Amino acid sequence: KAGVTQTPRYLIKTRGQQVTLSCSPISGHRSVSWYQQTPGQGLQFLFEYFSETQRNKGNFPGRFSGRQFSNSRSEMNVSTLELGDSALYLCASSLWGQSNGYTFGSGTRLTVV
Amino acid sequence: KNEVEQSPQNLTAQEGEFITINCSYSVGISALHWLQQHPGGGIVSLFMLSSGKKKHGRLIATINIQEKHSSLHITASHPRDSAVYICAVRWGNNNDMRFGAGTRLTVKP
Numbered sequence: 003k004a005g006v007t008q009t010p011r012y013l014i015k016t017r018g019q020q021v022t023l024s025c026s027p028i029s030g031h032r033s034v035s036w037y038q039q040t041p042g043q044g045l046q047f048l049f050e051y052f053s054e055t056q057r058n059k060g061n062f063p064g065r066f067s068g069r070q071f072s073n074s075r076s077e078m079n080v081s082t083l084e085l086g087d088s089a090l091y092l093c094a095s096s097l098w099g100q101s102n103g104y105t106f107g108s109g110t111r112l113t114v115v
Numbered sequence: 558k559n560e561v562e563q564s565p566q567n568l569t570a571q572e573g574e575f576i577t578i579n580c581s582y583s584v585g586i587s588a589l590h591w592l593q594q595h596p597g598g599g600i601v602s603l604f605m606l607s608s609g610k611k612k613h614g615r616l617i618a619t620i621n622i623q624e625k626h627s628s629l630h631i632t633a634s635h636p637r638d639s640a641v642y643i644c645a646v647r648w649g650n651n652n653d654m655r656f657g658a659g660t661r662l663t664v665k666p
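Residue numbers (my numbering), protein chains in the order written: chain E, 3 to 115; chain U, 558 to 666.
A couple of the hints might just be wrong.
What the hints assert, rightly or not - What follows is a list of derived Cβ distance ranges for each label pair:
| id | chain 1 | residue 1 | chain 2 | residue 2 | range |
| --- | --- | --- | --- | --- | --- |
| 1 | U | Val-601 | E | Gly-42 | 37 to 43 angstroms |
| 2 | E | Phe-71 | U | Gln-571 | 46 to 52 angstroms |
| 3 | U | Gly-599 | E | Ser-29 | 15 to 21 angstroms |
The hints are simulated quantities; they were obtained by calculation from the structure and are not laboratory data. The structure displayed is predicted, hence computed values, not measured ones. Beta carbons: idealized from backbone N, C-alpha and C, even for Gly.
Whenever a hint applies, use it, and build me the whole structure from the sequences.
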């Protein structure tokens, strides 16, 4: 059974640009959550989607947004990139959200120059 | 002060030793997760707990809700257990998720 797939694996963007990251959950999983990991702040929760609805949101500015499609695939978007947005962005899927364990993708490493 | 505190920050053990990693949190939670992250970034979800104890192979996780404390134990440690172990909790009306800073475990052969 295929795992959680994140694309792209690596990305370099310039300050001020925007970026879209993609996450395909395990087949049958309806919940997708996103996380940011940096050396300074560690892992931080961005948001969680279930059945195309954002259920939970972490403490990030409005430049960070996401959505989930009817096939449970999810995208996150960061607009007006800042140097501090350089990070490993991870997504995880589960059957129905916080009551179950999660399966993580390998992440997208974003570098903002 | 971070809502989730892990100890120790770093841990070096000899192969075969019994390992304990601790996690304390300061808020009421709905669930606690233990995660394992290997070099290169891949994260594996080891356990999700809301009470009691869970066991999977050589790994055991316990939680004491009254004391707001959880432990992850590794029996008969092996060099392949070398990784960063991260505690995460879900809390609040928003079901926010907060993470500990991680414990870097190195098991030497």
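Practice problem: Check the following: the C-beta atoms of Gly-599 (chain U) and Ser-29 (chain E) are separated by a distance inside 15 to 21 angstroms. | Solution: Check passed, 20 angstroms falls within 15 to 21 angstroms.
Exercise. Confirm or reject the claim that Val-601 (chain U) and Gly-42 (chain E) have a C-beta distance inside 37 to 43 angstroms.
Key: violated, 23 angstroms
Practice problem: Starting from the range 46 to 52 angstroms, see whether the pair Phe-71 (chain E) and Gln-571 (chain U) falls in it by beta-carbon distance. | Solution: Once the Cβ atoms are compared, 49 angstroms apart, the range 46 to 52 angstroms for Gln-571 (chain U) and Phe-71 (chain E) holds.
Of the numbered hints listed earlier, the single one contradicted by the structure is hint 1.
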